[in-house]
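Student: Listed here are the chains, written in short residue letters.
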Amino acid sequence: MSSSGPTPSSNPQVKALNCPGCGAALTLRSFSQAVTVVCDSCHSILDAQDPRLKILQKFQVETSEDPPLIPLGNRGTIRGAQYEVIGFQRRTIRVDGMPYSWHEYLLFNPFKGFRYLTEYNGHWNDASVLRAIPVSSPGANTLNYLGETYRLFQTANAETGYVLGEFPWQVRVGETAEVSDYISPPRVISSEKTDQEITWSMGEYLAGRDVWKAFKLAGNPPQAVGVYENQPSPLIGHVKAVWKLCAAFLLALVVLIIGFYATARNEQVFSQSYSFNTNGKTEASFVTDVFELKGRTSDVEIDTQAGVNNSWIYLNYALINEDTGHAYDFGREVSYYSGYDSDGSWTEGSQKDSVTIPSVPPGRYYLRVEPESEYYRGTIYYSIALRRDVPQFSFFGIAALALLIPAGFITWKFMNFEHLRWAESDYSNSAGSDDNQNAGSAAGIAGGIGTVAGLIGDALDIADE
Amino acid sequence: MRNAFFIYGLTILSALAWAEYRGWSLNRVDEVKNVPRSVRDNPGSYRSVYGYYHHYTGGK
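Sequence order for the protein chains is P and A. Under this note's numbering, think of the first position of the first sequence as 968, with each following residue one higher. Under this note's numbering, think of the first position of the second sequence as 4, with each following residue one higher.
Simulated from the structure, these hints should not be mistaken for lab results. Computed from a predicted model, the values in this text were never measured in an experiment. Incorrect hints may appear among the rest.
Stated by the list, open to error - When the alpha-carbon atoms are kept at most 25 Å apart in a straight line, the in silico SDA-like pairs for lysine to any residue are as follows:
{"no.": "1", "chain 1": "P", "residue 1": "Lys1211", "chain 2": "A", "residue 2": "Asp33"}
{"no.": "2", "chain 1": "P", "residue 1": "Lys1207", "chain 2": "P", "residue 2": "Glu1259"}
{"no.": "3", "chain 1": "A", "residue 1": "Lys36", "chain 2": "P", "residue 2": "Thr1314"}
{"no.": "4", "chain 1": "P", "residue 1": "Lys1079", "chain 2": "P", "residue 2": "Lys1211"}
{"no.": "5", "chain 1": "P", "residue 1": "Lys1261", "chain 2": "P", "residue 2": "Lys1248"}
{"no.": "6", "chain 1": "P", "residue 1": "Lys1025", "chain 2": "P", "residue 2": "Lys1180"}
{"no.": "7", "chain 1": "P", "residue 1": "Lys1261", "chain 2": "A", "residue 2": "Ile10"}
{"no.": "8", "chain 1": "P", "residue 1": "Lys1380", "chain 2": "A", "residue 2": "Tyr11"}
{"no.": "9", "chain 1": "P", "residue 1": "Lys1207", "chain 2": "A", "residue 2": "Asp44"}
{"no.": "10", "chain 1": "A", "residue 1": "Lys36", "chain 2": "P", "residue 2": "Val1322"}
{"no.": "11", "chain 1": "P", "residue 1": "Lys1261", "chain 2": "A", "residue 2": "Phe9"}
{"no.": "12", "chain 1": "A", "residue 1": "Lys36", "chain 2": "P", "residue 2": "Ser1252"}
{"no.": "13", "chain 1": "P", "residue 1": "Lys1160", "chain 2": "P", "residue 2": "Lys1211"}
{"no.": "14", "chain 1": "P", "residue 1": "Lys1261", "chain 2": "A", "residue 2": "Tyr24"}
{"no.": "15", "chain 1": "A", "residue 1": "Lys36", "chain 2": "P", "residue 2": "Pro1329"}
{"no.": "16", "chain 1": "A", "residue 1": "Lys36", "chain 2": "P", "residue 2": "Val1028"}
{"no.": "17", "chain 1": "A", "residue 1": "Lys36", "chain 2": "P", "residue 2": "Lys1180"}
{"no.": "18", "chain 1": "P", "residue 1": "Lys1261", "chain 2": "A", "residue 2": "Ile15"}
{"no.": "19", "chain 1": "A", "residue 1": "Lys36", "chain 2": "P", "residue 2": "Lys1319"}
{"no.": "20", "chain 1": "P", "residue 1": "Lys1207", "chain 2": "A", "residue 2": "Leu13"}
{"no.": "21", "chain 1": "A", "residue 1": "Lys36", "chain 2": "P", "residue 2": "Lys1207"}
{"no.": "22", "chain 1": "P", "residue 1": "Lys1261", "chain 2": "A", "residue 2": "Tyr11"}
{"no.": "23", "chain 1": "A", "residue 1": "Lys36", "chain 2": "P", "residue 2": "Tyr1281"}
{"no.": "24", "chain 1": "P", "residue 1": "Lys1160", "chain 2": "P", "residue 2": "Lys1248"}
{"no.": "25", "chain 1": "P", "residue 1": "Lys1211", "chain 2": "A", "residue 2": "Phe9"}
{"no.": "26", "chain 1": "P", "residue 1": "Lys1380", "chain 2": "A", "residue 2": "Ile15"}
{"no.": "27", "chain 1": "A", "residue 1": "Lys36", "chain 2": "P", "residue 2": "Pro1153"}
{"no.": "28", "chain 1": "P", "residue 1": "Lys1207", "chain 2": "A", "residue 2": "Glu34"}
{"no.": "29", "chain 1": "P", "residue 1": "Lys1160", "chain 2": "P", "residue 2": "Asn1124"}
{"no.": "30", "chain 1": "P", "residue 1": "Lys1319", "chain 2": "A", "residue 2": "Leu13"}
{"no.": "31", "chain 1": "P", "residue 1": "Lys1025", "chain 2": "P", "residue 2": "Gly1040"}
{"no.": "32", "chain 1": "A", "residue 1": "Lys36", "chain 2": "P", "residue 2": "Asp1270"}
{"no.": "33", "chain 1": "A", "residue 1": "Lys36", "chain 2": "P", "residue 2": "Glu1259"}
{"no.": "34", "chain 1": "P", "residue 1": "Lys1248", "chain 2": "A", "residue 2": "Met4"}
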């Protein structure tokens, strides 16, 4: 709704006539361009080209018939030009016996000609007749128009159920046309095929609030229900941008991993082997020699290796700062079991254990160790080793997940939108087999088709368009 | 959305770098203050928080 253009006079110029059927006053807004005009009182379709306004058809109107949301005669600015609503019709298709109706508003500007506003379940399209014929791809349900590919979404027979106002063609209630919609959101190309002709038109999705603003209508437009065939995804353009950023961050993450592994001290500060006599009655606890933890505050990794076999050893550890008396108290169990049963051989546990003590300030430390085990299991040999400033790979994994999850969620939301769109299509099943697999692949998700990488790739393709 | 994700990603990487720099760990340990120096001479006088742990003694 941009660019300027000529506008009709601000004073409506209409031609006053009377219906030959009921005598009600008629209004002609498109002058000689009107071919048929409908009497709103007796629902007669009249020949506007005939000076006597010959009655061409009379039709019944159901009491439940919806009046136009934009009253006839209203003027609004579309693409910089002022148009007047001169005609209104309801058209219906039937899918599996279920009727689906939409409304078409015929707009007229004496300098620009005709264009249409269509409305279905709160979704609007601004449509106009195409000057050139789109090129169809042989063997594929696609069209090409001005370098853009449009995918066949739906084909159905549309029946005109209600008309109001005037039309530049011989309109009739009950007339049918085969309507095919080809989409490339936010645009749609529609073909209307009758026995006499094929008409091509292009529509572009409009938000209801933009229509209300253009026609300065009071209140709010009807809430849009569901996802419409050419409704642009709110995430269009975001998916690829987010994945690009995500890739950049993952690359930065790899650089950080390399950097931290290259610069970490990863220094062994203590290593000693011990034995624990489970038969002993004396105090089992002991302290190690003092060792120094250098550098900045960082972690300490304590590795325990024990010669346990179908047994366990539990070690109560306390890493104590000799100067401050500050202790890090923790316990570790090392247990290993193995055997053989009807399922074959099995093992459980491990003879090794590793634990990381977080954020230990530098200083002189010693370990207080108190081993425990079952009584009378003989002597258990074990060793303890401490390393200072060891990079924690788990954080890198968490960071990678934290980056991937939102990107994946946005992609899922995007694909879910496409799935909802194509769920309404007659051609969603074949969508994935065509060359241009964009939205069709999203529909394929429901069937569990394709790999995650493929789906993400497809989503990026769609998001790029 | 792009800007939001950019800020989010920067926050994640900054948090990661800080966590690595400060030596954070997913393990939890109890901290005890003012352990007496006498523990070095008499290790049995220190009572670990994790004493009397109920040990698994089974296997498959």
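Student: If a hint holds in the structure, say so; if it doesn't, say that too.
Tutor: Going through the hints against the structure:
Annotation: proposed proximity of lysine 1211(P) to aspartate 33(A) is violated, straight-line Cα distance about 42 Å (limit 25 Å). Straight-line distance between C-alpha atoms of lysine 1207(P) and glutamate 1259(P) comes to about 51 Å, which puts the hinted pair past the 25 Å bound. Restraint check for lysine 36(A) and threonine 1314(P): not satisfied, since their Cα atoms lie roughly 40 Å apart, outside the 25 Å limit. At most 25 Å may separate the alpha-carbon atoms for a hinted pair to count; lysine 1079(P) and lysine 1211(P) exceed this at roughly 44 Å.
Proposed proximity of lysine 1261(P) and lysine 1248(P) is contradicted: the alpha carbons are some 38 Å apart, above 25 Å. For the hint pairing lysine 1025(P) with lysine 1180(P), the CA-to-CA distance comes to about 35 Å; that exceeds 25 Å, so the pair is violated. Among the hinted pairs, lysine 1261(P) with isoleucine 10(A) is inconsistent with the structure: their alpha-carbon atoms are about 35 Å apart, more than 25 Å. For the proposed pair lysine 1380(P) and tyrosine 11(A), the alpha carbon gap of about 18 Å is at most 25 Å, so the pair holds.
Among the hinted pairs, lysine 1207(P) with aspartate 44(A) is inconsistent with the structure: their alpha-carbon atoms are about 65 Å apart, more than 25 Å. Simply put, lysine 36(A) and valine 1322(P) have alpha-carbon atoms about 21 Å apart, close enough for the 25 Å limit, and the pair holds. This hinted pair does not check out: lysine 1261(P) and phenylalanine 9(A) have alpha carbons roughly 36 Å apart, beyond 25 Å. The suggested pairing of lysine 36(A) with serine 1252(P) holds, with an alpha-carbon distance near 20 Å, which does not exceed 25 Å.
Pair hint lysine 1160(P) plus lysine 1211(P) does not hold up; C-alpha atoms about 44 Å apart against a cutoff of 25 Å. Between lysine 1261(P) and tyrosine 24(A) the alpha-carbon distance is near 14 Å, which keeps this suggested pair within the 25 Å criterion. Taken as a hint, the lysine 36(A) and proline 1329(P) pair is honoured in the structure, with Cα atoms around 16 Å apart against an allowance of 25 Å. At most 25 Å may separate the alpha-carbon atoms for a hinted pair to count; lysine 36(A) and valine 1028(P) exceed this at roughly 88 Å.
A threshold of 25 Å between alpha carbons decides the hint, and for lysine 36(A) with lysine 1180(P) the separation of about 70 Å lies outside it, so the pair is violated. Straight-line distance between C-alpha atoms of lysine 1261(P) and isoleucine 15(A) comes to about 28 Å, which puts the hinted pair past the 25 Å bound. With a CA separation close to 29 Å, the supplied pair lysine 36(A) and lysine 1319(P) exceeds the 25 Å bound. At most 25 Å may separate the alpha-carbon atoms for a hinted pair to count; lysine 1207(P) and leucine 13(A) meet this at roughly 18 Å.
Distance check on the hinted pair: lysine 36(A) and lysine 1207(P) sit about 52 Å apart at the alpha-carbon level, beyond 25 Å; violated. With a C-alpha separation of about 34 Å, the suggested pairing of lysine 1261(P) with tyrosine 11(A) is violated against the 25 Å cut-off. For the proposed pair lysine 36(A) and tyrosine 1281(P), the alpha carbon gap of about 23 Å is at most 25 Å, so the pair holds. Between lysine 1160(P) and lysine 1248(P), the direct Cα distance comes to roughly 100 Å. Violation of the 25 Å bound is thereby established for this hinted pair.
Between lysine 1211(P) and phenylalanine 9(A) the CA atoms are separated by roughly 10 Å; this keeps the pair inside 25 Å, and the hint holds. With a C-alpha separation of about 22 Å, the suggested pairing of lysine 1380(P) with isoleucine 15(A) holds against the 25 Å cut-off. At most 25 Å may separate the alpha-carbon atoms for a hinted pair to count; lysine 36(A) and proline 1153(P) exceed this at roughly 66 Å. Taking the CA atoms of lysine 1207(P) and glutamate 34(A), the gap is about 47 Å. The hint is violated against a cut of 25 Å.
Proposed proximity of lysine 1160(P) and asparagine 1124(P) is supported: the alpha carbons are some 9 Å apart, at most 25 Å. The hinted pair formed by lysine 1319(P) and leucine 13(A) fails the criterion: a straight-line CA distance of about 37 Å is larger than 25 Å. Proposed proximity of lysine 1025(P) and glycine 1040(P) is supported: the alpha carbons are some 23 Å apart, at most 25 Å. With a CA separation close to 24 Å, the supplied pair lysine 36(A) and aspartate 1270(P) stays within the 25 Å bound.
The suggested pairing of lysine 36(A) with glutamate 1259(P) holds, with an alpha-carbon distance near 19 Å, which does not exceed 25 Å. Taking the CA atoms of lysine 1248(P) and methionine 4(A), the gap is near 67 Å; set against the 25 Å cutoff, the hint is violated.
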